[in-house]
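Colleague: With the hints as constraints, model all of the structure from the sequences given.
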Amino acid sequence: MAEPSTAGRAFDAEALPHLDALYRVALRLTGDESQAEDLVQDTMLKAYRSWRQYRPGTNAKGWLLTILRNTFINDYRRRKLEPVATDLEAVEPHAIYRAVEDVDPEGAFFSKIVDQKVLEAVDALPAEFREVLVLSDMEGLRYGEIAEALQVPVGTVKSRLFRARRLLQARLYDYAVETGIITPRETHDG
Amino acid sequence: MGDSIDCREAHARLQDYLKQELTPELEAEVRAHLHRCAPCFTHCRFEANFLLMLESRARRCGCPDRLRARIAGLLQAEMERD
Numbered sequence: 001m002a003e004p005s006t007a008g009r010a011f012d013a014e015a016l017p018h019l020d021a022l023y024r025v026a027l028r029l030t031g032d033e034s035q036a037e038d039l040v041q042d043t044m045l046k047a048y049r050s051w052r053q054y055r056p057g058t059n060a061k062g063w064l065l066t067i068l069r070n071t072f073i074n075d076y077r078r079r080k081l082e083p084v085a086t087d088l089e090a091v092e093p094h095a096i097y098r099a100v101e102d103v104d105p106e107g108a109f110f111s112k113i114v115d116q117k118v119l120e121a122v123d124a125l126p127a128e129f130r131e132v133l134v135l136s137d138m139e140g141l142r143y144g145e146i147a148e149a150l151q152v153p154v155g156t157v158k159s160r161l162f163r164a165r166r167l168l169q170a171r172l173y174d175y176a177v178e179t180g181i182i183t184p185r186e187t188h189d190g
Numbered sequence: 001m002g003d004s005i006d007c008r009e010a011h012a013r014l015q016d017y018l019k020q021e022l023t024p025e026l027e028a029e030v031r032a033h034l035h036r037c038a039p040c041f042t043h044c045r046f047e048a049n050f051l052l053m054l055e056s057r058a059r060r061c062g063c064p065d066r067l068r069a070r071i072a073g074l075l076q077a078e079m080e081r082d
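If you read the protein sequences in the order shown, they are chains A and B. Numbering-wise (my numbering), the first sequence opens with residue 1 and increments by one. Numbering-wise (my numbering), the second sequence opens with residue 1 and increments by one.
Calculated from the structure, these hints are not laboratory results. Honestly, I wouldn't trust all of these hints.
To be verified - Here are some chain A residues the structure puts well away from chain B; computed CB gaps all over 10 angstroms:
#1 N70
#2 E101
#3 E139
What the hints assert, rightly or not - Listed below are several chain B residues computed to face chain A (Cβ distance under 7 angstroms; list not exhaustive):
#4 L22
#5 T23
#6 L26
#7 N49
#8 F50
#9 L51
#10 A58
#11 C61
#12 G62
#13 D65
#14 L67
#15 L75
All C-beta atoms, glycine included, are put in the ideal place defined by N, C-alpha and C.
Modeller: What follows is the structure, given as C-alpha cells:
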C-alpha cells in the first residue's frame, strides 16, 4: 500500500472528522439511508479532488457541507418528487411559547418526545426551512457559512431559520398534545 | 449603557443572541435585559432548551462504519493514483 501524500494526509486530517456531520445532513436532505451514503461518498471524492480550493484556516465542516449540499441539489434532488413549492414568506406559525408558558415554561415536553418523532418532524419541514435548521441548529454552522453554502443573503438564512423553528415547535407541540405528553391548561377552541 | 433595550427588542434579538451572532455590545445589552426581566429570561430559557434538545438529537447518529470503510478505501485509491 502506497504511503499517502502530504496533501492526502492533510485531507484525511481535515475532512474525515466531519463524516458524522456529513452523514447526518445527507440523511436529513435525502430522507433515505442508502442515498445518504452515496451522497456522502460522492461528496468526499469531490472534496478530495478539489482539495486545492480549500482555504486552510477556514471551517472545513462548512466547506464540506457546501459541497454536499451542491451535490445534493445537482445530482440527487431531481430523483425525488419535489413537494409543492411553499410560499415561504407566508409561513408564520404562531409562537408555541405563549401556549405553554403557564404549564411548561422550560419546554420540558420537547425532551419527552422520542428521537424518531423529532427527526420525522424535521424531515416534514419544507426543504428550504429544513436545510437551514439542520445546518444551523443541528450542525452548528454560522449564519455566514450557511449563507455561503446556500448562496442566499444572511437575512434570508435568518428569516428561514426563524420560521423553521416556529414551525417545528408548533408540530412538536401538536404531537405532544395529541399523545398526552403535555396538557394545555386551557383551550381557546370555543 | 447595558440597559437600554426593551422587551420587544430583546425578543427580536433572542434568536441571534442564542446563536452568538450578535456584536459584543448588543449581546451585552440583551444579557443585561434578560438579567433584569424575568419573563424574557424564562422565554429565553425555553428557546435555549429547544435548541439544546435539537442539537442533542442530531448528535445521536453518525456515519455508519461500513460507509467510513468504503470512503477510506476510495480515498486510498485516489491517493495512489495521484
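Colleague: All hints, please: hold or fail.
Modeller: Hint check results:
1. Against the 10 angstroms criterion, N70(A) stays outside the reach of chain B, whose nearest CB is about 18 angstroms from its own CB.
2. At roughly 7 angstroms from the closest C-beta of chain B, the C-beta of E101(A) falls inside 10 angstroms, breaking its exclusion from the interface.
3. Against chain B, the non-interface label of E139(A) is violated: not every CB pair exceeds 10 angstroms, the least being about 7 angstroms.
4. At its closest, the beta carbon of L22(B) sits 11 angstroms from a beta carbon of chain A; the interface hint therefore is violated under the 7 angstroms criterion.
5. Taking 7 angstroms as the C-beta contact cut-off toward chain A, the hint placing T23(B) at the interface is violated, the least distance being around 13 angstroms.
6. Given hint, L26(B) at the interface with chain A, is violated; its Cβ is 14 angstroms from that chain's nearest Cβ, farther than 7 angstroms.
7. Restraint check, N49(B) versus chain A: the minimum CB separation of about 4 angstroms is within 7 angstroms; hint holds.
8. Satisfaction of the interface hint for F50(B) is found here, the shortest Cβ-Cβ separation to chain A being roughly 5 angstroms, below the 7 angstroms cut-off.
9. Interface restraint check: L51(B) against chain A, minimum CB-CB distance 6 angstroms, threshold 7 angstroms, status holds.
10. Look at A58(B): its Cβ gets to within about 3 angstroms of chain A, closer than 7 angstroms, so that hint holds up.
11. A least Cβ separation of about 6 angstroms between C61(B) and chain A falls short of the 7 angstroms threshold, and the interface hint therefore holds.
12. Look at G62(B): its Cβ gets to within about 4 angstroms of chain A, closer than 7 angstroms, so that hint holds up.
13. With its C-beta approaching chain A no nearer than about 10 angstroms, D65(B) sits outside the 7 angstroms limit, and its interface hint is violated.
14. Hint status for L67(B): holds, given a least beta-carbon distance of 5 angstroms to chain A, under 7 angstroms.
15. Interface restraint check for L75(B): the shortest CB-CB distance to chain A comes to about 6 angstroms, inside 7 angstroms, so the restraint holds.
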